[in-house]
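**Student:** Below, each chain spelled out in residue letters.
Protein chains: 2
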Amino acid sequence: MIKVAVLGYGTVGSGVVQILDDNNSVIASRLGEDIEVKYILDLRDFPGDKNEGKIVHDYNVILEDPEIGIVCETMGGVNPAYQFSKDALLKGKSVCTSNKELVENHGPELIKIARENGCNYLFEASVGGGIPIIRPMNTSLAPENIQKIMGILNGTTNFILTKMAGEGANYDDVLKQAQEMGYAERNPEADVEGYDAGRKIAILSSLMTGKTVKFADVHTEGITKIDTLDFEYAKKMGKAIKLIAMAEKNGDEYTAMVAPFMIGADHPLNGVNGVFNAIYLTGDMLGDVMFYGQGAGKLATASAVVSDVIDCGRNKNKEIPCVWSEEKLTLGDYKKTERQFFVRIDMRSRGQVVNKFSYLKSIEVTDTEFALVTGKMTEADFLDKINSIDNVISWIRLA
Amino acid sequence: MIKVAVLGYGTVGSGVVQILDDNNSVIASRLGEDIEVKYILDLRDFPGDKNEGKIVHDYNVILEDPEIGIVCETMGGVNPAYQFSKDALLKGKSVCTSNKELVENHGPELIKIARENGCNYLFEASVGGGIPIIRPMNTSLAPENIQKIMGILNGTTNFILTKMAGEGANYDDVLKQAQEMGYAERNPEADVEGYDAGRKIAILSSLMTGKTVKFADVHTEGITKIDTLDFEYAKKMGKAIKLIAMAEKNGDEYTAMVAPFMIGADHPLNGVNGVFNAIYLTGDMLGDVMFYGQGAGKLATASAVVSDVIDCGRNKNKEIPCVWSEEKLTLGDYKKTERQFFVRIDMRSRGQVVNKFSYLKSIEVTDTEFALVTGKMTEADFLDKINSIDNVISWIRLA
Numbered sequence: 007m008i009k010v011a012v013l014g015y016g017t018v019g020s021g022v023v024q025i026l027d028d029n030n031s032v033i034a035s036r037l038g039e040d041i042e043v044k045y046i047l048d049l050r051d052f053p054g055d056k057n058e059g060k061i062v063h064d065y066n067v068i069l070e071d072p073e074i075g076i077v078c079e080t081m082g083g084v085n086p087a088y089q090f091s092k093d094a095l096l097k098g099k100s101v102c103t104s105n106k107e108l109v110e111n112h113g114p115e116l117i118k119i120a121r122e123n124g125c126n127y128l129f130e131a132s133v134g135g136g137i138p139i140i141r142p143m144n145t146s147l148a149p150e151n152i153q154k155i156m157g158i159l160n161g162t163t164n165f166i167l168t169k170m171a172g173e174g175a176n177y178d179d180v181l182k183q184a185q186e187m188g189y190a191e192r193n194p195e196a197d198v199e200g201y202d203a204g205r206k207i208a209i210l211s212s213l214m215t216g217k218t219v220k221f222a223d224v225h226t227e228g229i230t231k232i233d234t235l236d237f238e239y240a241k242k243m244g245k246a247i248k249l250i251a252m253a254e255k256n257g258d259e260y261t262a263m264v265a266p267f268m269i270g271a272d273h274p275l276n277g278v279n280g281v282f283n284a285i286y287l288t289g290d291m292l293g294d295v296m297f298y299g300q301g302a303g304k305l306a307t308a309s310a311v312v313s314d315v316i317d318c319g320r321n322k323n324k325e326i327p328c329v330w331s332e333e334k335l336t337l338g339d340y341k342k343t344e345r346q347f348f349v350r351i352d353m354r355s356r357g358q359v360v361n362k363f364s365y366l367k368s369i370e371v372t373d374t375e376f377a378l379v380t381g382k383m384t385e386a387d388f389l390d391k392i393n394s395i396d397n398v399i400s401w402i403r404l405a
Numbered sequence: 007m008i009k010v011a012v013l014g015y016g017t018v019g020s021g022v023v024q025i026l027d028d029n030n031s032v033i034a035s036r037l038g039e040d041i042e043v044k045y046i047l048d049l050r051d052f053p054g055d056k057n058e059g060k061i062v063h064d065y066n067v068i069l070e071d072p073e074i075g076i077v078c079e080t081m082g083g084v085n086p087a088y089q090f091s092k093d094a095l096l097k098g099k100s101v102c103t104s105n106k107e108l109v110e111n112h113g114p115e116l117i118k119i120a121r122e123n124g125c126n127y128l129f130e131a132s133v134g135g136g137i138p139i140i141r142p143m144n145t146s147l148a149p150e151n152i153q154k155i156m157g158i159l160n161g162t163t164n165f166i167l168t169k170m171a172g173e174g175a176n177y178d179d180v181l182k183q184a185q186e187m188g189y190a191e192r193n194p195e196a197d198v199e200g201y202d203a204g205r206k207i208a209i210l211s212s213l214m215t216g217k218t219v220k221f222a223d224v225h226t227e228g229i230t231k232i233d234t235l236d237f238e239y240a241k242k243m244g245k246a247i248k249l250i251a252m253a254e255k256n257g258d259e260y261t262a263m264v265a266p267f268m269i270g271a272d273h274p275l276n277g278v279n280g281v282f283n284a285i286y287l288t289g290d291m292l293g294d295v296m297f298y299g300q301g302a303g304k305l306a307t308a309s310a311v312v313s314d315v316i317d318c319g320r321n322k323n324k325e326i327p328c329v330w331s332e333e334k335l336t337l338g339d340y341k342k343t344e345r346q347f348f349v350r351i352d353m354r355s356r357g358q359v360v361n362k363f364s365y366l367k368s369i370e371v372t373d374t375e376f377a378l379v380t381g382k383m384t385e386a387d388f389l390d391k392i393n394s395i396d397n398v399i400s401w402i403r404l405a
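These protein sequence lines are chains A and B, in that order.
Add 6 to a position in the first sequence, counting from 1, and you land on the number used in the numbering used here.
Add 6 to a position in the second sequence, counting from 1, and you land on the number used in the numbering used here.
Simulated from the structure, these hints should not be mistaken for laboratory data.
Errors might be hidden in some of the hints.
Heads up, the list lumps identical chains together, so a pair's fine if it works in one copy or across two of them.
Claimed, not checked - Capping the alpha-carbon separation at 30 Å, the derived lysine-lysine pairs in DSSO-like fashion look like this:
id, residue 1, residue 2
1, K217, K9
2, K255, K304
3, K342, K367
4, K324, K217
5, K334, K241
6, K382, K231
7, K304, K118
8, K304, K56
9, K241, K169
10, K391, K154
Using the sequences plus the hints, can you model the full thing?
**Tutor:** Here it is, written out as structure tokens:
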């Protein structure tokens, strides 16, 4: 019998408790042992809740109970989750988390502490919600030099962009709708400015390189400037507009960024809609693979946490492989990466763009605007040129 | 230092040798130990080949060498691969295979022998080529009761169907082209009749249920009857025609089948084209997930074998979890499953179909045919009705 403590009885935490209960027998049959939730740590009481009797307010009860071998940290935020996780690991209790912020800030340190104490720090649920990605990267893709990762890693922005594309609605209206439906926070900044996706690509880039990529070093641009006409142009070109979190290897350098991209109809990420997420990776041997699923949601995310719990149960006193050292990776300048760009300008500046860019095609949607797709060029070269042109309406990268 | 023997220096086997060589350092960094190919078993000599010195013709050299801890079986076919694998496992040597035929025929028996001898029998490459699917099912999806699997599991047929859809070419011409390009065998039966996909869904259904699903019990239909007009209808409905390997849970019963299906534009399998494969699964907690990538090809398939080798290296003397017992699962009758059907009949029989089916819509492509999409009904009910109608031209299931 494996006894587990769940920290935080919120959305994900209650999902973990539910799955361990509802799917108890199938989990036991695959693990070869029963799992039981013994404690749930929360500041609140839950009178009348089925699991009322498991609620504790004092973390020491969990820490000092030698029966607890695995702790699920589903609290979110860096504090006190960081201290709680560290304390558990130092006692040899494995920790399974959905907390991307903590993983991004302290992942390699906590992995190291786990190793030194004969237990594991696992974080499948921290990126891509229910989508298996961390474990596949550490196992299935272990033979690969990963060349590139492109991820739709934020459900809120993908919901907003999908709605805007489908309904021709504008950003503000769709954001409001998303907030009413509970898909966006009241303060949506972390999602719409690309910070959430940025933390996640920092984690994936770290696994890709084996070193530590910091979110602070990831260039992030959000979706707030995308307007309804951008979608009309995109449709005309058979493309979708997606917030892409990207990490690339160019020579010996890695770059990482988050920004809106236009994605061609042939690309598997083109059809990833609504709250679904996907991670598209390119390995040097394997070629392209994609992992698709629900990037958030109570039970999907909780399922990923439970898969980690099962892994810990199967690997007592054994290190579950994850190469992520504390050594910091200095990212290369994203402005050196090359791509095509879609550009919209006021018709009056048409002459200027036509002179400056070797462009592949122009696209007409209105009389007052001129739009084109550039040839392949570095970000630096593009920014240089675009900043010297008057009356630029907007521009979006192509992938 | 881990020493490996590769059985069969063909496409996949030489890919395994190449990856272990080319990506030696990244693999060693993730495994924490070097891997080296010590022997390659093949009937042929390879004069001038870089690895000429590693070729052996006598399997006993490998079996009797205590340095060999892992054997990659990339020979294909049941014999002598079955005996070779069994002999290795009985000596405590783990076996990693790409051989779906052997896995389908003797998987659970070989897993059991491995367990009894402190080693592992792994087969990631046997389904979906380079796509991580076996390991994710055994680990990431361990908390789930899987309700349904839909897979595009055969690259040859998907290549043919994609070409037919894109170019309006007929089956015979595209098959010939695929043969010339090396994407289809001279005798294409195993692919085009759905047998290859059938073996693969038998393996996935076994992992889904934990028992043994036999290929012989999987209902299979191929793609040879799909004609160019079917694609015109499909296009008019915004659908794609794909050969789908499906396993479903209905109540306490499981069913499995392979057949062409029309897939809606919103479904992620709709855009899986060419030689790409994908497996779409529905879990009771996780919802829908999809794994996408190259379903065949030398290096993609070899990468999956190498991922198993790394797993064996990381788990010496430790069982890598896989729930697949020798107990046979009796499948339910696929004719009890429900779905919609697309039907084409000669215009003369229009009255008959209209009377027999509660149909949702009719689709016009030619003057001489009548086509419709039925409401949801059981396969049995549909077959009953369709067999009583004269001049049926063709019909295809909807997914």
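**Student:** Each hint needs a verdict: does it hold in this structure or not?
**Tutor:** Tested hints:
For the homomeric pair K217 and K9, the shortest alpha-carbon distance between copies (28 Å) is at most 30 Å, but the shortest distance inside one copy (33 Å) is not. With identical chains, the CA atoms of K255 and K304 are at most 30 Å apart between copies only, with a shortest distance of 23 Å across copies and 34 Å within one. Only within a single protomer do K342 and K367 lie at most 30 Å apart by alpha-carbon distance; the minimum there is 24 Å, versus 54 Å between protomers. Proximity of K324 to K217 under the C-alpha cut-off of 30 Å is found in both arrangements, the shortest distances being 22 Å within a copy and 28 Å between copies.
For the homomeric pair K334 and K241, neither the shortest alpha-carbon distance inside one copy (41 Å) nor that between copies (51 Å) is at most 30 Å. Taking the shortest alpha-carbon separations for K382 and K231, only the intra-copy value of 23 Å comes in at or below 30 Å, while the best inter-copy value is 44 Å. In the homo-oligomer, the alpha carbons of K304 and K118 lie at most 30 Å apart inside one protomer (29 Å), although the nearest pairing across protomers, at 37 Å, exceeds that limit. For a Cα distance limit of 30 Å, the shortest separation of K304 from K56 inside one copy, 18 Å, qualifies, whereas the shortest one across copies, 53 Å, does not.
In this homomeric assembly, K241 and K169 come within 30 Å of each other (Cα to Cα) both inside a single copy, at 14 Å, and across copies, at 24 Å. In the homo-oligomer, the alpha carbons of K391 and K154 lie at most 30 Å apart inside one protomer (27 Å), although the nearest pairing across protomers, at 52 Å, exceeds that limit.
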